[in-house]
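Trainee: Chains as they are written, first to last, in the numbering used here: chain C, 1 to 153; chain U, 1 to 140.
If you are wondering where the hints come from, they were derived from the structure by calculation, not from laboratory data. Just so you know, not all the hints are guaranteed correct.
[Claimed, not checked] Cross-link-like lysine-lysine pairs, in silico, DSS-like; alpha carbons within 25 Å at most: (1) U:Lys109 <-> U:Lys128; (2) U:Lys106 <-> C:Lys90; (3) C:Lys24 <-> C:Lys90; (4) U:Lys44 <-> C:Lys90; (5) C:Lys90 <-> U:Lys109; (6) C:Lys46 <-> C:Lys24; (7) U:Lys128 <-> U:Lys106; (8) U:Lys109 <-> U:Lys134; (9) U:Lys134 <-> C:Lys90.
[What the hints assert, rightly or not] Each pair of labels, with its calculated beta carbon distance range: (10) U:Gly131 <-> C:Asp4: 33 to 39 Å; (11) U:Asp6 <-> C:Glu16: 43 to 49 Å; (12) U:Leu111 <-> C:Tyr81: 26 to 32 Å; (13) U:Gly31 <-> C:Glu130: 22 to 28 Å; (14) C:Ala35 <-> U:Leu110: 25 to 31 Å; (15) U:Arg115 <-> C:Gly100: 24 to 30 Å; (16) C:Asn118 <-> U:Pro52: 34 to 40 Å.
Being a predicted model, the structure only gives us computed values, none of them experimental. All C-beta atoms in this analysis are idealised placements derived from N, C-alpha and C, irrespective of residue type, glycine included.
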Amino acid sequence: MALDPSFIGRTYPPTEPYEVGREKIREFAVAVGDANPVYVDPEAAKALGHPDVIAPPTFPIVLTMRASGQVVQDPELGLDYSRVVHGDQKFSYTRPVRAGDRLTVSVTVDNIKSLAGNDVLTVRGEVADESGEHVVTSVMTLVARAADEKAGE
Amino acid sequence: MAIGYDEVEVGTELPAQSFPVTRAALVQYAGASGDFNPIHWNEKFALEVGLPDVIAHGMFTMAEAVRVVTDWVGDPAAVVEYGVRFVRPVPVPNDGTGSVVEVTGKVAKLLDDRRVQVDLLATYQGQKVLGMAKAVVRLG
Numbered sequence: 001m002a003l004d005p006s007f008i009g010r011t012y013p014p015t016e017p018y019e020v021g022r023e024k025i026r027e028f029a030v031a032v033g034d035a036n037p038v039y040v041d042p043e044a045a046k047a048l049g050h051p052d053v054i055a056p057p058t059f060p061i062v063l064t065m066r067a068s069g070q071v072v073q074d075p076e077l078g079l080d081y082s083r084v085v086h087g088d089q090k091f092s093y094t095r096p097v098r099a100g101d102r103l104t105v106s107v108t109v110d111n112i113k114s115l116a117g118n119d120v121l122t123v124r125g126e127v128a129d130e131s132g133e134h135v136v137t138s139v140m141t142l143v144a145r146a147a148d149e150k151a152g153e
Numbered sequence: 001m002a003i004g005y006d007e008v009e010v011g012t013e014l015p016a017q018s019f020p021v022t023r024a025a026l027v028q029y030a031g032a033s034g035d036f037n038p039i040h041w042n043e044k045f046a047l048e049v050g051l052p053d054v055i056a057h058g059m060f061t062m063a064e065a066v067r068v069v070t071d072w073v074g075d076p077a078a079v080v081e082y083g084v085r086f087v088r089p090v091p092v093p094n095d096g097t098g099s100v101v102e103v104t105g106k107v108a109k110l111l112d113d114r115r116v117q118v119d120l121l122a123t124y125q126g127q128k129v130l131g132m133a134k135a136v137v138r139l140g
């Protein structure tokens, strides 16, 4: 059940713009239980020098996970999504995501390997704003556990 | 009240926090994040794929852990890098109480440009759930 290694290095065109709304940021902040006013109160955000409310550091996953579907759900890749767990995740920020942003994600398959029988897929998502400026890079590693292995590693 | 670069040294501890994780929180996070993988809300499905119970989204735990950093610095925009490895799942029983993730952090390195590396330790029942959990933070 190895993944198709020809996907390594494959890049995908930028996704359609995702418009970041204040209420979506609020919904996400509430869902993670984070009461920092900079996520919900434009005045609190402005007091810190931001033009509008900003999003929590892990918010970009909302866009980048969806964008990675282009790779993950491609039947040619051969990934058994029912056995996939998130292996690791890294964000590198030029600036925080903020309300009013219109963001695109450009996806690249950084690596595919087999580790102890598990398929390991590394997908990078470069998030840019409307003017093409870099906002954040997400690097996500997904692990498809071997069929007979017990979960929880 | 931003933390200044000159106020910290290697070993400076950030205020520790405990984060409850309930089934309701996972449903709410699924909706907010768009991650509807049934291992995070459907016990039957989770057991069928070999998990001990419904487990928390790794991204939920990652979101909680960084609050130790963002609550410390005040402005979350100070975080310039943040990465974790999901080394062990957090099972969330359907008992109305759920689980608790404990997070501590300390300054591990002083970097250039008034940045520091903070190493985070996130545990559930005394066992590490995030590995290599690090944030690079630009201080005032």
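Trainee: Is the straight-line distance between the alpha-carbon of lysine 90 of chain C and that of lysine 109 of chain U 25 Å or less?
Mentor: Holds: lysine 90 of chain C and lysine 109 of chain U sit about 18 Å apart, inside 25 Å.
Trainee: Taking 26 to 32 Å as the hint, is the beta-carbon distance of leucine 111 of chain U and tyrosine 81 of chain C inside that range?
Mentor: violated, 38 Å
Trainee: Taken at face value, is the distance from the CA of lysine 90 of chain C to the CA of lysine 44 of chain U at most 25 Å?
Mentor: Distance of about 31 Å is beyond 25 Å: violated.
Trainee: Assess, step by step, whether the Cα of lysine 109 of chain U is no farther than 25 Å from the Cα of lysine 128 of chain U, and give holds or violated.
Mentor: Measuring from Cα to Cα gives roughly 21 Å; hence the hint holds.
Trainee: Holds or violated: lysine 128 of chain U with lysine 106 of chain U, Cα cutoff 25 Å?
Mentor: Holds - the C-alpha atoms of lysine 106 of chain U and lysine 128 of chain U are around 16 Å apart, at most 25 Å.
Trainee: Given the hint that lysine 109 of chain U pairs with lysine 134 of chain U, does the C-alpha gap stay at or below 25 Å?
Mentor: holds, 11 Å
Trainee: Is the gap between the beta carbons of arginine 115 of chain U and glycine 100 of chain C within 24 to 30 Å?
Mentor: holds, 27 Å
Trainee: Would the hint linking lysine 134 of chain U and lysine 90 of chain C be met if the CA-CA limit is 25 Å?
Mentor: Status holds; Cα separation ~9 Å.
Trainee: Range first: 33 to 39 Å. Now tell me if the beta carbons of glycine 131 of chain U and aspartate 4 of chain C are that far apart.
Mentor: violated, 28 Å
Trainee: Lying within 25 to 31 Å: is that true of the beta-carbon distance alanine 35 of chain C to leucine 110 of chain U?
Mentor: holds, 30 Å
Trainee: Would you mind confirming whether the straight-line C-alpha gap from lysine 106 of chain U to lysine 90 of chain C stays at or under 25 Å?
Mentor: Status holds; Cα separation ~19 Å.
Trainee: For the pair aspartate 6 of chain U and glutamate 16 of chain C, does the Cβ-Cβ distance stay inside 43 to 49 Å?
Mentor: holds, 45 Å
Consistency note: the structure conflicts with the earlier hints numbered 4, 10, 12 and 16.
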